[in-house]
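Based on the provided sequences and hints, a complete structural model is requested.
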Amino acid sequence: KSSYPFVYGQFDPALFPTAEWRECNRMALAVLEIRNWASDMVDRDDPLLIEQIQARLLPRRGIFANPDEIIVTLGAQNALYMLASLLMTKGSKVAMEDPGYPDARSIFRLAGADIQPVPVDQSGIVTSSIPQD
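Numbering (our numbering), first residue to last: 60 to 192.
It cannot be assumed that every hint is accurate.
[What the hints assert, rightly or not] With a Cα cut of at most 16 angstroms, we get these calculated EDC-like pairs of lysine to aspartate or glutamate:
no., residue 1, residue 2
1, Lys152, Asp173
2, Lys149, Asp173
3, Lys152, Asp192
Calculated from the structure, these hints are not laboratory results.
If you want it as structure tokens, here you go:
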């Protein structure tokens, strides 16, 4: 018998931050928050989400940004599409890991980019193989 119960959907309640979870639920279900859920934020990101990303997530990755420098996208493909639309024109040269993320390659190709495949090794992309032109 394993000392770790690898059963789907089970966790060790002793390790779960129950008090913090209850407080988060209390705050999330407050009347003011429910009004916020119903508000239309089509033209901006949720300021509380941006605040949490700025305070908790980015610093752990060594990134320090102002709230107006943070954007929330619908996912990786949406973010790549936005970047390609903003930064690439027909013939833009883009160095990409090979093998790499196929959806990124497709998005960049659709933007008209000239994909420059760069090999990878056990440490990641071989930077010395990135074309200099």
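| Does aspartate 173 lie within 16 angstroms of lysine 149 when you go C-alpha to C-alpha? | With Cα atoms ~8 angstroms apart, lysine 149 and aspartate 173 stay inside 16 angstroms; holds.
| task | Starting from lysine 152, check that the Cα of aspartate 173 is at most 16 angstroms away, please. | result | Distance ~5 angstroms between lysine 152 and aspartate 173 Cα, so the pair holds.
| task | Take the C-alpha atoms of lysine 152 and aspartate 192, compute the straight-line distance between them, and say whether it is at most 16 angstroms. | result | Holds, at about 9 angstroms.
Checked against the numbered hints above, the structure breaks none of them.
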